[in-house]
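J.: Heads up: the sequence lines are chains A and B, in that order. For the first sequence, the working numbering begins at -16 and goes up steadily by one. For the second sequence, the working numbering begins at -16 and goes up steadily by one.
Each statement offered as a hint is correct.
Which stretches of chain B does chain A cover? Using the computed rule of at least three CB atoms under 8 Å from a CB of chain A, they are:
#: 1; stretch: 189 to 198
#: 2; stretch: 230 to 238
#: 3; stretch: 483 to 489
Hints are computed from structural coordinates only; laboratory data are not their basis. Ideal Cβ positions, reconstructed from N, Cα and C, are used throughout, including at glycine.
Protein chains: 2
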Amino acid sequence: MAQESRKTTGRSFWAWGLEALEPTAAQMASAGAALASRFGMKLTGQAPPRLQDVKLRRPRLKPPATLAEFCATGKFERALHSCGHSFPDRVSKFRGEFATPPDVVAFPRTEDEAVAALDWAYSSGAAVIPYGGGSSVVGGVTPPAEAERVVTIDLTGLNRVLEVDRVSRAARIQAGVLGPDLEAQLKAHQLTLRHFPQSFEFSTLGGWIVTRSAGHYATNRTHIDEFVESIRMITPKGIWESRRLPGSGAGPDPNRIVCGSEGTLGLVTEAWVRLQAKPRFRESAGVAFAGLAPAAEAARRIVQANLWPANCRVLDPGESATNAGLTGAQALLVIGFESSEVPQASLMRDALDIAMETGGKIVDRAGDSVPGPVAPGPVDRWRTSFIQMPYRWNELLGFGLINDTFESAITWDRWPDFDKAVRAKLGRAMREVAGKGDLNCRFTHVYPDGPAPYYSFTCPGRPGSEVGMWQEIKAAASEAIIAAGGTITHHHAVGRDHVAGYEQEAPELFRAAFRSMKSSLDPSELLNPGVLSGSR
Amino acid sequence: MAQESRKTTGRSFWAWGLEALEPTAAQMASAGAALASRFGMKLTGQAPPRLQDVKLRRPRLKPPATLAEFCATGKFERALHSCGHSFPDRVSKFRGEFATPPDVVAFPRTEDEAVAALDWAYSSGAAVIPYGGGSSVVGGVTPPAEAERVVTIDLTGLNRVLEVDRVSRAARIQAGVLGPDLEAQLKAHQLTLRHFPQSFEFSTLGGWIVTRSAGHYATNRTHIDEFVESIRMITPKGIWESRRLPGSGAGPDPNRIVCGSEGTLGLVTEAWVRLQAKPRFRESAGVAFAGLAPAAEAARRIVQANLWPANCRVLDPGESATNAGLTGAQALLVIGFESSEVPQASLMRDALDIAMETGGKIVDRAGDSVPGPVAPGPVDRWRTSFIQMPYRWNELLGFGLINDTFESAITWDRWPDFDKAVRAKLGRAMREVAGKGDLNCRFTHVYPDGPAPYYSFTCPGRPGSEVGMWQEIKAAASEAIIAAGGTITHHHAVGRDHVAGYEQEAPELFRAAFRSMKSSLDPSELLNPGVLSGSR
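Excised from the complex, chain A in its bound form (with noise of 0.2 Å):
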């Protein structure tokens, strides 16, 4: 396959991130051998994939001559942009498994352009797939396997912060940017989006919007709803545009359909977002607890006493101990305060205050207000393996493991027999796959009415039978989810992975009314087939 056809640089087409830090041989010996002794068995990897063995079924479809110069039909580019990073999709693309590629990937690198293929992938009754970064983790970007042809619009060359309003802190920026080109292009302007989720590297500006993307930050201005002014979205029935405004109360707020949309209303090109001033007061605190219902409980009161943290997220015993260093038998407190305007160190002291009156013990304190150099201590440590995790999964493929993430929201009421509910339906489920498996949960955000949980799990699996197994856990891990509450996802999305829990979640007479909506736009139901609502 020529080489000339990439369009993508970089990008490794199996595992996260880039080609460059795909891993080692000695990386995934390394962390095989880990494994096994951590679950006390024998572990034999696999190699990775090579892409002169993949086999791809023949593009069912040929760009017209106007659009094939930014269409791409190689091998590369379809096997990369043929899923996203769920558990089931990192495992087929080790193996080298690629069922459904698109059989066209567009990069438009206009606005006109995106418009032309839209168009042209519409008027072909293909299936058109919006993609910004591919970090979907529920099959949000997977072409259908029923679809007769498949059109998939890489927004990336859309990537460019055309205007930057100084005074309201706010700009005009492409969909298709990825974090960090957004966040370089602002620098020059002294301002941040300051929207960091876990995909940040290779997820984009429209991707966060049409997920609801949850950024970094715990308490207040965190999710990419409440940083949107104005969307512009090209859809089959022409361009949707709202008004840039810092609030209205004008009708139904247009910008929050699109948001959560997931790219099945049509392709957002451009947004106004607001801006912050890059912080620069800091103070970080870490707090242990005996366990995790005091450091839930402090976080709650916390986040209940309106002090608006920047980071308030909670580490179960399991979580502390393998990504923060504890003991294993404290959960930890991590809380941070920033601002761009004054000191945080009152904000701090309050929230020591509560956390102490709890049972806290302080065991890490950095910030304007500590005077001299502070070693790095368990908040460093989980912040550094919080950003490494991705690539960290790379290393445990190949080895028959299964190990996933999912989240939730539930009210504070609710969430002790919630988390009890999870753990034992889920324990169960990994006993009776996989015979054994750890599980551990952190508050990734915390509302005064109740935190977000999300629990990461492990189990040893047979090479072969890993997505089988997978399979019967994630269902038993949704349904515990459902039943006991909670939301189906609070920042992965619905894709298609989600769907079932989330024809429980949402009123059934809202999912019609979507249904009705989107037929307004897309009336050919060729935007994103089977996400939100499964394959018809």
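Starting from the known structure of chain A, fit chain B onto it as the hints suggest.
T.: Same frame as chain A, now just chain B:
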């Protein structure tokens, strides 16, 4: 007309508020004299209407015996429910003119009765007007003239707090509860919704939700949209109920399509809403500036510093003179901080530092950190004016006066030109229509990316011609707002009066999509017809 057909107690059929607080002849004479001296002209008042003189068209529909017990067809209820409190509404009612009263007003006491009323009205082909407190200033509860029959469903019988979750600080509340009753019921639990729109006394939770009400607080949690955990709504197609969650990323937020739907999708009967503990710590300040521009600049800097004041209100020199007792040369910035948990002095200090750097002079200061009793200053005077405003307006009827308010929101970069354009266009319209007029402005809310300006205007009209004159001035204001890039409404909603502006503001494809969504729930298009979409 038999008194026994009344279901609503205490309300005036023509004035804002209670019958017992209708203005006396002496109050009206005194208000008229003040106006006459303000405009340098002779003003003759007219007497308020008497119910016995009011003539209503006959009811064109009769409730079935099964519903009769909770329905009213008498003059008082039909007059009371015939419109809201817009300027034309106030003038018509004062004249005793009720052009389009509903034929039947239903007062369901349970959700089952609300369903029965909706089913009967819908199957009768009647337009259905959901009615809460009736405080609409945009024609949101006015039966359309072209409807052949109209049933208004007054939901104030659904007025109970059903369930309180203290740990999550949330409650399940029936949507027909009026503000004071809601707060009284929550007080027993030491909790508050802390949502205080100016209409608080005569508006309901459900009304707030469907109109995207904005509360008294200037930043952060002030919009009802942010307080909603879940909504229960009855529609012609059945019950719409969202799951109670602190956050979710599962598809577009179903609650956000109900927020702003203004009764066109169904009748909201219940909601789970987020509550707060009662504030215990308070700081308040008034800061005077040499004009509106530096006061606005200070507000912008304070809100962009993420200090999240409960109050951050800017009054222009005219508003500061009229309602806060300042000189007429100064603008006033009102700053307030509140917390249930921690002292607020440090945040106030940060805010005042910014205000003084921007040229402000502290003219009022109160709160926990201010020792001793403090005499009421401009901030108190302003608060009292604000609360009494709707009652004061009752006294101004019958003099041919034209007085109204309108609000918008605009990003900071465009604010100065927006304000200039609005003042120029409105000033011209008032001069052309009325020869003269006053126009004041304040910011009701400030966002990091822009203010929500609220304009009040008063000019002399000709008794009998006020409504036509108002229409010209209102049209000029709406055109100016839309042309200068603002929203047609920040928190008064669209109703019937703002449809023309709304059609220019909201994306055309969104409005088409929303119509499709509505059709799926309301196939006969009988729910509040004409609201949001114009008469058809």
